[in-house]
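> Put chain X with the ligands on the given structure of chain A with help from the hints.
Top line first, the protein sequences correspond to chains A and X.
228 is the number of the first residue of the first sequence in this note's numbering; add one for each residue after it.
228 is the number of the first residue of the second sequence in this note's numbering; add one for each residue after it.
Everything labelled a hint here was simulated from the structure, so no lab data went into it.
Source: prediction; values computed, not measured.
Quick reminder that beta carbons are idealized off the backbone N, C-alpha and C, glycines included.
It cannot be assumed that every hint is accurate.
Stated by the list, open to error - Here are the simulated lysine to any residue pairs, SDA-like style, with alpha carbons at most 25 Å apart: (1) 276/X / 337/A; (2) 306/X / 260/X; (3) 276/A / 294/X.
To be verified - Derived list of chain X stretches under chain A, where covered just means 3 residues or more per stretch with a C-beta under 8 Å from a C-beta of chain A: (4) 297-307; (5) 360-373.
Protein chains: 2
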Amino acid sequence: LLSLTAEASHCSIHGVPLVRNIGELPQDNYGRPGLSHITIAGSVLHGMKEVEVWLQTFAPGARTPIHRHSCEEIFVVLKGSGTLYLASKSHGKYPGEPQEFPIFTNSTFHIPVNDAHQVWNTNQNEDLQVLVVISRPPVKVFIYEDWLMPHVATKLKFPYYWDEQCFQTLPKDEL
Amino acid sequence: LLSLTAEASHCSIHGVPLVRNIGELPQDNYGRPGLSHITIAGSVLHGMKEVEVWLQTFAPGARTPIHRHSCEEIFVVLKGSGTLYLASKSHGKYPGEPQEFPIFTNSTFHIPVNDAHQVWNTNQNEDLQVLVVISRPPVKVFIYEDWLMPHVATKLKFPYYWDEQCFQTLPKDEL
Ligand SMILES: [Zn+2]
Ligand SMILES: [Zn+2]
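Just chain A, same shape as in the assembly (with noise of 0.2 Å):
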């Protein structure tokens, strides 16, 4: 019951001040190697319906799994650089060998929805730090495990790592 208590405090959408310090928001890899994930405004934490905001930084190596998505998703690179890597979902039925795009500090872009998609810090000298926004959350993510899995293979990811703890205990914190 205490570990419950604590895990829908913190979890919790009210009393979350209006104005927040992101350098105390909790920070954590989600069991994702090199990755610190921040939700600056995300709708399991803070009732957001529309729109969600992470803060994500990758060390050197580190990347997301490839993956779609049927929202839409803009990156803003606070920091660092790496490789983008790209593949149309509609060419066939798997990704096939993706597009490379270097993405550098103060560069932007957005992900055409449902197409195949992992960023990855090529730098083997920096961080990458950006700043993610999605539609239509709490996220719902297909994983692929390589550029050749089909389409239909991939396996919903939901609710996504940052989400599990939180999707789960709000509705028992609401019986």
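Showing chain X with the ligands alone in chain A's frame:
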């Protein structure tokens, strides 16, 4: 015709590179003194349908109008400090005296849907720079002349300043 072509190409959602250098994107004050507005990803400029991201810089003393909108809005303060004025729409026929919230570098806040609000660079020594995220673009804003103006007396400003030129020329472009 030449002028229309120039506008159309400035406003076109076609031929925009996927990864864009924010430092090279067009910025303008759109007739609002002390403002620099850059559309990082927008519905009119880039075809976004669910979210939009702006980079705005307010010189000392510069501020948004008092306004409300039914979309969600998230701010991330990148530089400087200032004041958020916020009045709940539900309290009466007009916003009334707003609450004041100090905002500061590396802080974040979101605006409750339909609450009247104003962001003001009240720091006389420094620019205030914010990333702004909105849902359901393009933004539809109701503007108050002061905090005692009745909600029903406000006027819809649509399209908003930074979308005006392109919102009007896009349909012509498609004729
Ligand atoms: Zn993604
Ligand atoms: Zn606003």
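> Hint by hint, note whether the structure agrees.
Structure-based check of each hint:
At most 25 Å may separate the alpha-carbon atoms for a hinted pair to count; residue 276/X and residue 337/A meet this at roughly 12 Å. With a C-alpha separation of about 19 Å, the suggested pairing of residue 306/X with residue 260/X holds against the 25 Å cut-off. At roughly 21 Å between alpha-carbon atoms, residue 276/A and residue 294/X fall within 25 Å of each other, so this suggested pair holds. Counting residues of the region 297-307 of chain X whose C-beta lies closer than 8 Å to any C-beta of chain A gives 4; at least three are required, and the coverage claim holds.
Requiring three or more residues with a Cβ within less than 8 Å of a Cβ of chain A, the coverage given for the region 360-373 of chain X holds, as 4 such residues are present.
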